[in-house]
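Colleague: Here's the letter readout for the chains.
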Amino acid sequence: MIPYALRRVALAIPLLVGITFISFLVIHLAPGEPVELQTGDLGIKSSAQAIESLRKLYGLDQPLYVQYWSWVTRLARLDFGRSFAPDGKPVLQKIGERLPITLFLNIIEMLLILALAVPIGVLSATRQYSVFDKITTVFVFVGFATPDFWLALLLMILFGVQLGWLPISGLRSPTWEFLSFWRQHWDFLSHLVLPIVVATFGGLAGFSRYMRQSMLEVVRQEYVQTARAKGLSEQAVIGKHALRNALLPVVTILGLSLPGLIGGSVIVESVFAIPGMGQLMVQAVFSRDYPVIMGNLVIVSTLTLVANLLADISYGLVDPRIRVGRRGRS
Amino acid sequence: MNLRVRDLFFLLAFLPGLSGCGVKVEGKDDGQSRKSGSPAYGDTFIEASIGDIQGLIPNITSDSASHEVGGLIYDGLVKRDKDLNIVGSLAESWQLSRDCLTLTFKLRKNVQWHDGRPFTAEDVRFTYETMLDPKTPTAYREDFLAVTRLAVLDPHTLRIGYAKPYAQALETWGMYMLPKHLLASYVHEGRLREAPQNRRPIGTGAYRFVEWKSGERVVLVANPEHFEGRPYLSRVVYRIIPSQATIFLELKAKGVDFAGLTAIQYTRQTTYRAFEKAYVKYQYPSNAYTYLGFNLKDPRFADRRVRQAFAHAINKQELIDGVLLGLGREATGPYKPETWAYNPDVPRFPYDPDRARRLLAEAGWKDADGDGILDKGGQPFAFTILTNQGNEERKKVAEIIQQRLREIGVAVEIRTLEWASLIKEFIKKRRFEAIILGWGIGLDPDQYEVWHSSKAGPDELNHISYANPEADRLLELGRASCVREQRKKHYDRLQEVLAEDQPVIFLYFRDALPVVSSRVRGIEPSPNGISYNFIRWYVPKERQRYTAG
Amino acid sequence: MAAGSHGQVRLFWRSFSRNQLALAGGVVVGALVLVALGAPWLSPHDPHRPDVKKILDPPSRAHLLGTDQIGRDVLSRILYGSRVSLAVGFVSVGIATALGVILGAASGYNGGIVDAAIMRLVDLMLVFPRFFLLLAVLAFLQPSIWTIMAVIGLTGWMGVARLVRAEFLSLKEREFVIWSQSIGASAFRIIWRHTLPNAMAPVLVAMTLGIPAAILTESGLSFLGLGVQPPYATWGNILNDGRDSIEIAWWLSVYPGLAILITVLSYNLLGEGIRDALDPRLRQALGRPARDGR
Chain A
1 MIPYALRRVA LAIPLLVGIT FISFLVIHLA PGEPVELQTG DLGIKSSAQA
51 IESLRKLYGL DQPLYVQYWS WVTRLARLDF GRSFAPDGKP VLQKIGERLP
101 ITLFLNIIEM LLILALAVPI GVLSATRQYS VFDKITTVFV FVGFATPDFW
151 LALLLMILFG VQLGWLPISG LRSPTWEFLS FWRQHWDFLS HLVLPIVVAT
201 FGGLAGFSRY MRQSMLEVVR QEYVQTARAK GLSEQAVIGK HALRNALLPV
251 VTILGLSLPG LIGGSVIVES VFAIPGMGQL MVQAVFSRDY PVIMGNLVIV
301 STLTLVANLL ADISYGLVDP RIRVGRRGRS
Chain B
1001 MNLRVRDLFF LLAFLPGLSG CGVKVEGKDD GQSRKSGSPA YGDTFIEASI
1051 GDIQGLIPNI TSDSASHEVG GLIYDGLVKR DKDLNIVGSL AESWQLSRDC
1101 LTLTFKLRKN VQWHDGRPFT AEDVRFTYET MLDPKTPTAY REDFLAVTRL
1151 AVLDPHTLRI GYAKPYAQAL ETWGMYMLPK HLLASYVHEG RLREAPQNRR
1201 PIGTGAYRFV EWKSGERVVL VANPEHFEGR PYLSRVVYRI IPSQATIFLE
1251 LKAKGVDFAG LTAIQYTRQT TYRAFEKAYV KYQYPSNAYT YLGFNLKDPR
1301 FADRRVRQAF AHAINKQELI DGVLLGLGRE ATGPYKPETW AYNPDVPRFP
1351 YDPDRARRLL AEAGWKDADG DGILDKGGQP FAFTILTNQG NEERKKVAEI
1401 IQQRLREIGV AVEIRTLEWA SLIKEFIKKR RFEAIILGWG IGLDPDQYEV
1451 WHSSKAGPDE LNHISYANPE ADRLLELGRA SCVREQRKKH YDRLQEVLAE
1501 DQPVIFLYFR DALPVVSSRV RGIEPSPNGI SYNFIRWYVP KERQRYTAG
Chain C
2001 MAAGSHGQVR LFWRSFSRNQ LALAGGVVVG ALVLVALGAP WLSPHDPHRP
2051 DVKKILDPPS RAHLLGTDQI GRDVLSRILY GSRVSLAVGF VSVGIATALG
2101 VILGAASGYN GGIVDAAIMR LVDLMLVFPR FFLLLAVLAF LQPSIWTIMA
2151 VIGLTGWMGV ARLVRAEFLS LKEREFVIWS QSIGASAFRI IWRHTLPNAM
2201 APVLVAMTLG IPAAILTESG LSFLGLGVQP PYATWGNILN DGRDSIEIAW
2251 WLSVYPGLAI LITVLSYNLL GEGIRDALDP RLRQALGRPA RDGR
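Here the protein sequences line up with chains A, B and C, keeping their order. Note that the numbering used here numbers the first sequence so that position 304 is 304, with each residue one more than the last. Note that the numbering used here numbers the second sequence so that position 5 is 1005, with each residue one more than the last. Note that the numbering used here numbers the third sequence so that position 194 is 2194, with each residue one more than the last.
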């Protein structure tokens, strides 16, 4: 097991380098230079001298590979630089403020999606082409097909404005600090209901269809047929044998779906005014805050890499076949 | 403040800011709800801001959100009152010498920073030096370059000297004063942005800073020691909500107490009873105009007849009706109607497509090949209008103008660009044919920066490259005098010259359309908008919503 | 489907036609293509012509789906929008497929270090939140219709590359390839000729699922103001224009919203139907529908 894990980790290292490389490239492909913009933003009257000094400060007068190298070596010391925004905060601090809420939301969404998608997938697989299968198929695809911001606005109008049951946006009520301990938690959670519903509905299709697919494959396998032939009840066959095996690949998918979920946060966070990574990314992109954009790309993709790694390793733990011979997927 | 150089204001804040400076104000309520109930301390006032604030030292930021918050935390030496007169704030009084070259301020005594330290003339000198320091990343340096010397006579007296009369001298001292004892070392090292002050500010203002959660909210509480008296509203919360649609829904659900409306929201979406009960709607002309500008280096637009033809081809009233639903006024020049510098008697260009076609024909543009597009020397008259992305209003204006110019045989393409690259790649580099943008105008009529031919450099504001010797002379005369009657003469003539020249087509001044929760009283609409007396706003005890605050 | 096997086609069709949802999806997809092609003849009005006297008029006989904020006919805009929206889907998926086929083939045929390098690149691209990448790139380049197509395409080729590679690998060991090599034929040509038809079916499915994802991605970008710019109408930007007046002008958001919903739904049902009806061996490789910037 250990060699297997080590091998996976070793494979991740070039990917890590690749992440920094692509993040750097994306930004520096753009025409124009960041400094110009920064001064432009500070006042159209900034002098050539100011631009020159900023250039020096950020090392932009050097060739690209030198810039890349100095950037990467700083990254290695966890120095992501300072934001170009007038608040001038360290990038890592900015991300640190935003990451927890995004992760929190994504984990809850993931759990909810799993809790709903697994039974939907299993049931629609065991009853392929039944009415249940058709209804859930349409249902999950409607979720997939509805633009998030549109669904979000409709839900906000219904539950926030018309019925007044739930807060519309943000994370806390304006008088949050005057609430009792338990009310504070309730207040916080009630703010999360709508964003979670929107994101979960949108993400349901992916997992439930995968589950259905996986189940259909497994049911056709020999050992399931054998179990059936042995006269085991259908429930036992599905529950005990088929389900376990069908769930295995889902572990890998969990890791892989993380970037999609975080990417999806961009819109959900913008509509619901949630101060997370997605919102930070949009802000940084619009103000061309290069250090923050690069930092975001690196941090989020590294997190995904780690999640994938964990998924792979745990997959190896539950399925011994993986460890020997082939090196997993791809 | 000076001429607002950054259109960023209008990009980031689709909402008209709190600070208006209108002349005609139409409070839409009957006046009753505003007056009943006796003043009381307490309650929380919730505002929505579409962009996160950039920092809490507004002297080095340029977004409207941080200026709005900063305005409550900091004070300047002077400010504008409801009738737009300059009155003292941190300054008790001042004296301008007869030759307009020396300005002496007497500061209020016993003013304290929020941390208890006294505010003195040294802080003023420090602020001035900070603004001049090349290491300070500020956009307002220009305001202080005219100062030749600044002397602290005693802890509460300052004397400021100018080399030549500078019309805006007094106004520039409305700049927020910064605490020397907290910032001196940061300014010195050129690290002002990194100072804790930028995150947790200490000011002299009516509100004290409590909390700023990035991207979420900023919380302020009333400063009971403020020299103008304790503000009634005890807390102010700025909620950062990046989507305009969400802000409006929050407003409908009474989640925010103040917001600016769009014209459609104002006329069509807020006319039902429950809304009109919960909010009072205000309407007054904002101090920004929208224009269609041309690159005058382009030979086609260098011909004045072409610009005049376009002015005749565009129906300004149609734009106001179509885009602003009537909530705006035609612009004839860069000054707002009914401000003292405004000149109503300038040449006008009524909508007249035939006249437009004749003028273009005079300039040599004819449809020789019969394809419906005018041409000259084999070249069809086609060009691209640039405007900034995300501004729905300007997009609509562009779309309507496109249609109107098409009718006189001019083919127009529209391109919307992300703000930063529009400025950097196109405006500054003069890589544009025409633009639709807006100018925010200051309270002083000095617009030297925008129209003077010496200001056409790449980093300067005369990006259309306008050059007219008479306009240059008038701008110079106007700013070098501090006598209003003399200045008025120059600016009147300037407006005639600009109207005749049409270097840009002045389209309209839109109205600011703020709404405020009806439980808030003490709002007195004035030529200066509504927010100038924010510290006197109150909620009667029985109507306070957030009692815990 | 492998060359010349009518039996397989019939088998496929028998299985596919049993799936009513997929059939319905197929019919809608076909109809949409016709609508997009016929937009100029079907549209009752000029989709770009504003009329300030008809701002936000509700649906009427003259304007079946009402008018927008500057008085343009919503029906005509949606019809024209279908062209741009579908074009965004088709072109970006076309780019992704072309890239995926080339890289996948190179990887599967060469094996060894080329394979390892390309597969690492695939892993790398999959680690980035695609929507973040799109945002970063689009903010710097101009979000014209072409850059949007290109960027969506350039960030979406990885699935196809894996499919094609797997197909190459499995065929490389087959007898007829080894046999043809032994008689001196170019192995690459043989594999190319046999593999592509075989790989085409799953690639087709991937494309069918990729088109709706691209349409959704464009609408998400429109929400942030980075989508296709005017004067082009897309369903995404019509929907986005409508969001500010959603409660007084429902027609401005409901119709484009439904257009997106029905299109994406139909493509997905069709794509899944094709997959289900294909040789089961191919199914697993396809994985799940991916969605960005939801």
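No lab work stands behind these hints, which were simulated from the structure alone. Watch out, some of these pointers could steer you wrong.
[What the hints assert, rightly or not] Simulated restraints, written as ranges between beta carbons of each label pair:
| hint | chain 1 | residue 1 | chain 2 | residue 2 | range |
| --- | --- | --- | --- | --- | --- |
| 1 | A | Ser-314 | B | Gly-1116 | 56 to 64 Å |
| 2 | A | Glu-177 | B | Gln-1112 | 56 to 64 Å |
| 3 | A | Gln-93 | B | Arg-1484 | 28 to 36 Å |
| 4 | A | Leu-78 | B | Gly-1190 | 52 to 60 Å |
| 5 | C | Val-2009 | A | Leu-78 | 57 to 65 Å |
| 6 | A | Pro-119 | B | Arg-1268 | 39 to 47 Å |
| 7 | B | Pro-1155 | A | Leu-78 | 53 to 61 Å |
For glycine and all other residues, C-beta sits at the position ideal for the given N, C-alpha and C.
Colleague: Now, for every hint given, state plainly whether the structure supports it.
Modeller: Status of each hint after checking the structure:
1. A:Ser-314 with B:Gly-1116: 56 to 64 Å: Between Ser-314 of chain A and Gly-1116 of chain B, where Cβ atoms are some 57 Å apart, the hint holds.
2. A:Glu-177 with B:Gln-1112: 56 to 64 Å: violated, 26 Å
3. A:Gln-93 with B:Arg-1484: 28 to 36 Å: This hint is violated: roughly 50 Å between Cβ atoms.
4. A:Leu-78 with B:Gly-1190: 52 to 60 Å: 25 Å Cβ-Cβ, so the 52 to 60 Å window is violated.
5. C:Val-2009 with A:Leu-78: 57 to 65 Å: About 58 Å separates the Cβ atoms of Val-2009 of chain C and Leu-78 of chain A, which means 57 to 65 Å holds.
6. A:Pro-119 with B:Arg-1268: 39 to 47 Å: Between Pro-119 of chain A and Arg-1268 of chain B, where Cβ atoms are some 46 Å apart, the hint holds.
7. B:Pro-1155 with A:Leu-78: 53 to 61 Å: violated, 47 Å
The structure fails hints 2, 3, 4 and 7 (numbered hints given earlier, in ascending order).
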